[in-house]
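There are 2 protein chains.
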Amino acid sequence: MDIHLSYLVDLVCWIKDIVVAVTRENMEAMKQIIQKYQHKRISLIEAGVTRHRSIFNGLKALAEGQSNSNLSKPEVVIIHDAVRPFVEEDVLLKVVVAAKEHGAAGAIRPLVSTVISPSADGSLDHSLDRAKHRASEMPQAFLFDVIYEAYQQCSDYDLEFGTECLQLALKYCHTKAKLVEGSPDLWKVTYKRDLYAAESIIKERISREICVVMNKKEDTDHVGHLLEEMLKIELNDVKVTPGTLCHTGRDVQHIIFEQCYNFVCVNDTTSDFQETQKLLSMLEKSNLSTLYSVVVVSVHFLDFELTPLCQTMEKLLQIRELAKKVKERNILLCGLLICCSQDKQKLQESLRQGAIIIAALIKERNSGLIGQLLVA
Amino acid sequence: MDIHLSYLVDLVCWIKDIVVAVTRENMEAMKQIIQKYQHKRISLIEAGVTRHRSIFNGLKALAEGQSNSNLSKPEVVIIHDAVRPFVEEDVLLKVVVAAKEHGAAGAIRPLVSTVISPSADGSLDHSLDRAKHRASEMPQAFLFDVIYEAYQQCSDYDLEFGTECLQLALKYCHTKAKLVEGSPDLWKVTYKRDLYAAESIIKERISREICVVMNKKEDTDHVGHLLEEMLKIELNDVKVTPGTLCHTGRDVQHIIFEQCYNFVCVNDTTSDFQETQKLLSMLEKSNLSTLYSVVVVSVHFLDFELTPLCQTMEKLLQIRELAKKVKERNILLCGLLICCSQDKQKLQESLRQGAIIIAALIKERNSGLIGQLLVA
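In order, the protein sequences belong to chains A and B. Numbering (my numbering) for the first sequence: 33 to 408. Numbering (my numbering) for the second sequence: 33 to 408.
FYI, nobody ran anything at the bench for these hints, they're computed from the structure. It is possible that part of the hints are untrue.
[As the list claims (entries may be wrong)] Only pairs whose alpha carbons sit at most 25 Å apart, straight line, appear in this in silico BS3-like list of lysine-lysine:
1) B:K224 with A:K235
2) B:K359 with A:K378
3) B:K224 with B:K203
4) A:K203 with B:K164
5) B:K271 with B:K224
6) B:K347 with A:K378
7) A:K395 with B:K378
8) A:K224 with B:K235
9) A:K264 with B:K224
10) A:K347 with B:K378
11) A:K395 with B:K68
12) A:K395 with B:K235
13) A:K347 with B:K347
14) B:K92 with B:K63
15) B:K72 with B:K48
16) B:K235 with A:K220
17) A:K359 with B:K395
18) B:K203 with A:K164
19) A:K376 with B:K356
20) B:K224 with A:K271
21) B:K63 with B:K126
22) A:K208 with B:K164
23) B:K378 with A:K357
24) A:K164 with A:K48
25) B:K68 with B:K235
26) A:K395 with B:K224
27) A:K224 with B:K92
28) B:K356 with A:K378
29) B:K164 with A:K220
Pulled out of the complex, with its shape left as it was, chain A reads as follows (with noise of 0.2 Å):
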């Protein structure tokens, strides 16, 4: 619900009022997701027993304004469900552009299945035609008159058993609504198989971009510029960014801005966390963790045959505090310790085993694995 909401008021900025409908007992929690994202453009109105009760309430507050609101009667309406999360902008323009021009329009997409028609007692009448039906989907667009006029004419029937929205324009104003082809994304999440298919791309859209944030940005040879390029590599679908913490840290906090959910963050010393700390700090001050969480992997160099791991390491486990700290900021903070070997070879296997286990931490963003120290 809560991030069908922020899509719409975050990216659609034409959208001038967005009026919600919600029962009475999830009123309490709902204004306390209006409140915690701060959405200034949604008026919550209560729900009706069906569908159609709900969708008529909200043209109501609409049309009549409401006394603590600034509600006000628009031209064009649209009409969305929750439990269709990913309604792309593009779709809800062409709806709109359609129904100025012809009344009412609605999405569709074609038949996954053939539907059929039973007889009384259980058994197939009939089969329909596949390829001259439609599934009628949403976002539907009306001219606010046609849609309201609808729901002023029509029946007690139609509000306790109707669902379908095109079907009351054409009933009662003859309007008949353009159909508009829509995109797979508008399916509705209606089993627990779709809360898992809505969770995984949810973590495929927020893992499409990795920032590499390191201080060194005029030494090429350093292996942290030689990891970005082997996530380049092993990522493919990927966009890796370079970040710089400089001074004024503009450079990091330009890619925070643009909604990046990914973090590697390579530090100059082994054995402490300087940079990564700075990181965190920028972070914690942006709001960008309060829709989907962070991650961030605090990233250090050390030549295992050299220097004995064990020290290091056990410095390295006070990364455990950090993370418990700014787990709270739905910041999820890993340490990954590198073998920086002179053996070339050696050095790029144990890069790509980091890259590896980087992809892995990004695309599970599971926080029970927070604080902990891999090794690659």
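Chain B: place on chain A using the hints.
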């Protein structure tokens, strides 16, 4: 595909033959999959250019037998899609029983979206009453003679553009199929999000049980038992089963046989892997990890306050080599060092942390994290 077949083959003993339609370019790969998983009941036939033509090819193979196979004409045939891998034995049985009585039967599901009929200009012509229609899903079952007759009678147009077998039985044999209510599991893996969902469902299914392997069964104060208790508390949805590595190893052997895919192995000595190695060799001898990965967490207890952590860690880093070796057999091995403090409260906290880490490893099953030594 192979997952689907394995499900059918492994779970449903009363299915005599399985005929799979495969395109020519995938035939070799498919043969290799069948050999790898040692499927005995599968015959391959060449797929047609449309769905109906593929099914017809399969029916012909069953009707005529094949010179190099043991296929024979069955009384009842089930038609199913490989893209619906989560079919349960229960619904297969239901459609078969109904087909024996009625000649044809198919699984149905409620419609998720309203179905509409567009007019030629891309506007809404009319919308269908959702309550009076259903989605036709798979599996479907038929008396063999009914569906074979239907395919022999049907037109080239049907074979090119049709998709619905129930409709053919109705049209050409006047057989009214019985409709059987199916579960949400019958959904069709169609889009990328469906692959995500399928992956999560499989992971969820193989993560429902953890076997905690211990030698010291008699001593209930043993920290291993405390960890077992903590796992029961922290992992609500998971069945925690104790297992022993006695001389004959029968106990764990039995659990492996019953297809538990997750093992937490408590080692008696902090800095070696004796018990873990025993378990790994049992797992390697079994075929458990052929289809799905097996997660093994090698647990070691140490009082960090009494014994220097770093020497133990250095020894335990050998787990990396061990993990690399068993990775080839689809076994994902990680180490977990748990602080075994004298302070009861600290001990509880470490055990809780350990349980959270174990839960994360089992949930994600990410091979990028193998060989790591995690600390709780």
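Structure-based check of each hint:
1. B:K224 with A:K235: holds (14 Å)
2. B:K359 with A:K378: Holds, at roughly 20 Å.
3. B:K224 with B:K203: Measuring from Cα to Cα gives roughly 35 Å; hence the hint is violated.
4. A:K203 with B:K164: holds (19 Å)
5. B:K271 with B:K224: violated (31 Å)
6. B:K347 with A:K378: holds (21 Å)
7. A:K395 with B:K378: Violated, at about 32 Å.
8. A:K224 with B:K235: holds (14 Å)
9. A:K264 with B:K224: holds (24 Å)
10. A:K347 with B:K378: With Cα atoms ~21 Å apart, K347 of chain A and K378 of chain B stay inside 25 Å; holds.
11. A:K395 with B:K68: Between K395 of chain A and K68 of chain B the Cα gap is close to 29 Å, so the pair fails against 25 Å, i.e. violated.
12. A:K395 with B:K235: The hint holds at about 15 Å.
13. A:K347 with B:K347: Cα-Cα ~18 Å, so holds.
14. B:K92 with B:K63: holds (21 Å)
15. B:K72 with B:K48: Distance ~10 Å between K72 of chain B and K48 of chain B Cα, so the pair holds.
16. B:K235 with A:K220: Roughly 23 Å separates the two Cα atoms, so the pair holds.
17. A:K359 with B:K395: holds (20 Å)
18. B:K203 with A:K164: holds (19 Å)
19. A:K376 with B:K356: holds (21 Å)
20. B:K224 with A:K271: holds (21 Å)
21. B:K63 with B:K126: This hinted pair is violated, its Cα atoms lying about 31 Å apart.
22. A:K208 with B:K164: holds (23 Å)
23. B:K378 with A:K357: holds (18 Å)
24. A:K164 with A:K48: Judged against 25 Å, a Cα distance of about 37 Å means the pair is violated.
25. B:K68 with B:K235: Given pair K68 of chain B, K235 of chain B holds - Cα atoms ~21 Å apart, limit 25 Å.
26. A:K395 with B:K224: holds (16 Å)
27. A:K224 with B:K92: At roughly 39 Å apart (the allowed maximum being 25 Å), K92 of chain B and K224 of chain A break the hint.
28. B:K356 with A:K378: holds (16 Å)
29. B:K164 with A:K220: Holds: K164 of chain B and K220 of chain A sit about 20 Å apart, inside 25 Å.
Comparing the model with each numbered hint stated earlier shows that hints 3, 5, 7, 11, 21, 24, 27 do not hold.
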